[in-house]
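Going down the list, the sequences are from chains W and L.
Counting along the first sequence from 1, when you hit position 8 you're at 8 in my numbering, and nothing is skipped either side.
To convert, take the position in the second sequence, counting from 1, and add 1000; that gives my numbering.
Some clues are possibly wrong.
[Unchecked claim] Reference excerpt, derived from the structure (chain L facing chain W, CB under 10 Å, subset only):
1. Arg1779
2. Arg1782
3. Glu1785
4. Thr1786
5. Gly1787
6. Ile1789
7. Thr1790
8. Thr1791
9. Leu1793
10. Tyr1794
11. Thr1797
In case anyone wonders, no lab produced these hints; they're calculated from the structure.
Even glycine gets a Cβ: it sits at the ideal position worked out from N, Cα and C.
So you can see what is in the structure, the chains are spelled out below.
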Amino acid sequence: MANVTLSHFLVVGGLLFALGLFTVLTRRNAVAVLMGVELLLNAANVNLVAFNHYVVGGIAGQTFTLFVIVLAAAEAAVGLAIVLSIFHTFKTIDVRAADLMRE
Amino acid sequence: MEHPLNELGPVVVHQVSYLWLIPLFPAVGAFVNSLFGIRLQRALGKRAVHLIAIGMMALSFAVAVRAFLELYALAPGERFLSQTLWRMLTAGPLSFDLGFALDPLSMMMVLIITFIGTLIHVFSTGYMADEPSYWRFFAYLNLFVFAMLLLVMGDNFALMFFGWEGVGLASYLLISFWYTDVEKAKAGMKAFVVNRFGDFGFILGLFLLFWTLGGVWEPRADVRSLAYHPEIGTSAVAGAANPFFAVGPKASEGEHPVKIGPTLNFRELRDQVVIESTGVAEHLKHQRVWGFALMAVVGILLFVGAMGKSAQIPLYVWLPDAMAGPTPVSALIHAATMVTAGVYMVARLSYLYALSPTAMGWVAAIGGLTAFFAATIGFFQYDIKKVLAYSTVSQLGFMFVGVGVGAFWAGTYHLLTHAFFKACLFLGSGSVILGCHHEQDMRQMGGLKKHMPITAWTYLIACWAIAGFPWASGFYSKDEILWKAFAARDLAFLGHSTPWLGPAIFLLGILTATGTSFYMFRSYYMTFTGRYRGGAGHAEEHDEDPHSAHAAPHHATAAHPQDNVDPNGGHGAAHGKKDDHGHGAHAADAGHGHGHHGGTPHESPLSITAVLVVLAAGSVLASLLGVPAAWTHHEPLLERWLAPSLPAEVRFAEFPHSTEILFQGLGVGAAVVGWFFARLLFKDGRSRVPADLKKRFFGFWTVVYNKYYVDEAYHAVVVRPSLFLARFLFWFDQHVIDWLVNFAAWLGRLVANIDGAIDTYVVDGAVNAVAGITGEAGRALRRIETGRITTYLYGLTLGSLLVVLFNFLFR
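Chain W on its own, in the form it takes in the complex (with noise of 0.2 Å):
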């Protein structure tokens, strides 16, 4: 098996956040958007654990995955309330309906 570096696990991190950026930018669906923004975190995840494993040494790294995972919980849960209130409000979540804060 080729030997796996750093570099693998970055390029993967990067695609990772590619495709979560991307997912928030265009999705109109607010859950969609929010499921972007998981693959955000994870990608940021995936670094943490990578620049731990060849750089620093420890478990420093994963512990702030740690914590980035149980944040992520906590954000799907708060973010899908407010999904939950702009569906209330506009009767659609779409994301482009939300644009009170033009006013």
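Given the coordinates of chain W, work out where chain L should sit on it, guided by the hints.
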């Protein structure tokens, strides 16, 4: 230099506190009657109005008498009462007070004004009884007395000038009292305008005097030389440092400090001029301005004021026209008091006039000429008031001869006697006019002695007085004047000594005296003797009257509106200019006239006759004041009384008393000659000689009857050019000035429009542009703010990428 002025000291002043009451009372009367008179008259009748007016006059007279008693009790040299109320103005060296002063001269004037004034107020109650604006008349009359009292009582030139103008105003108001008649309104305006000419001279003289007393303009090198500084006995503060020699009251070595320098105060002026050691008199005497002796210029300029006020050639023309006013006004203002203001002024400034023989000669010569000239006009007038008017002008000329030749007391004495007999004559004529139902033409009178004996007798007594028969007052004053004129040697003409001028004036005066006697008795005989001609008997005269042929253009306004509109309201002088009207007027109002003349004339009420009797008695008794020294070897009473006020001494040639008595005989002879011819020609209206003479010398008669066409000459020389100038100026105003104004306005509008455009387009444009740009920028930037979270995320991503990119590029 030997001069009697050496002996004179400063005036001793006695302060009293009641002098202000004398002018105050008439002022209050004028105030009350002018503001509330109309209501009083409606509510309480005319009685209330005249009680106020007469009451105020009587109170004023009472205070004047009180002042006289106090003055009389003082030593002759110390007769000077003074009261200063407050300082009215201070400006540099100029300052004057609201202050009153009574010395023997002004005391005499005040007594005349208040006494005769009161009498004439009483007379007016009878004369003006039918007048609807009764209150207005009495308000004006009181106003006049107030102004006249200020004129004579003011202790400085400023107050005197205030009074001087005030009497002019009152005179104007009263002459045009019946202002609905255009002729009368015109007469008032004429009086006012002619007086303005005189006042101009007066005020110029005043400026010049003040200026020269200041001395700052002195052209010589030794401007502030010690020569002008007072010496021992008088005083001055360090004058050398002071450009006005010395100003302000001084601490002094003597008991009475003398103020040196410019002043308006008569007493201060008198002190510094009269007291030799101040050097002021010398200074003034040798002062020259533009090559003329300064005192001559000052004296003549001041006299120009007197010429206007006292109706001397050439400014006398207003006085005969002033007869348009009610007869009491003619008596009070235009005979007894106001017109003598000029004489009073010259007498008041006797010490100044004494410094300049040229000024004196000028005054005397003008006086003599006026006396003669006016008397000749008086010969042929038919309007009784016109005769008296010219007689007044003539007598004023006599007064100026008196003060002009240096016989100041004699001129003043004539003023006093004239006030009595001329007031009596005027009021007598008023009584006649009233009795004849407002007829003034003597040809419509005659035989009135039967109907109005008291008026006739008093008129006759006054005629005696003015003609100069002994034991009536005019004799004493007139002969004293003529005698002094004959004896005068100090007169000069334009700086050249002319010792013949005095005798020449005497000759003129004697001729005038003859003439005076003639025309006065003519008026008496025409009015009071013969047959009553009212209503008829003047038909044939119509054809002879030159006015049918020579009616002057400005007399062409024929019938009085009043004559036709209000036949019962002709009121006295309604016929004031009747004989000027030509016979068009006579014919026009013949119907109305005959209606009147149908009634017999009647004696006037008691209020009129009583006044006449008092005045006639006065015109006889006044002679006691002036019994000549040639008879008693004492100075006449009035001369002694006035001496402190008239410090100037003028040189007269010495003659024995017998010569003086001879000259008095000449004077009486002149009067007798005049009387004799008047009696011969006019007694009972029987003689045909006057008519024959008139036919023979018709051309000459016409010229004199029309007053030598002086009015017409004035019209041509002064009035017409003035009107032309006025019209030209009007045209100039309409066309040139207005054009300039309009052009300026147009220019202003043009500039304003340009300015407006700049404002609209440049300034507002800049402001609007800033606002627009901001707005547009806002509108453009607004598009970015979609409010959608996605958009912001795009921005965030782009920004992050850029940061990363820059991080690589510019490391």
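Status of the hints after comparison with the structure:
1. Arg1779: Check failed: Cβ of arginine 1779(L) comes no nearer than 14 Å to chain W, outside 10 Å.
2. Arg1782: With a minimum Cβ separation of about 9 Å from chain W (threshold 10 Å), the hint on arginine 1782(L) holds.
3. Glu1785: At about 6 Å, which falls below the 10 Å cut-off, the nearest Cβ of chain W leaves the hint on glutamate 1785(L) intact, so it holds.
4. Thr1786: 6 Å, holds
5. Gly1787: 3 Å, holds
6. Ile1789: Given a least distance of 6 Å, the restraint on isoleucine 1789(L) holds.
7. Thr1790: 6 Å, holds
8. Thr1791: 9 Å, holds
9. Leu1793: 6 Å, holds
10. Tyr1794: 6 Å, holds
11. Thr1797: 6 Å, holds
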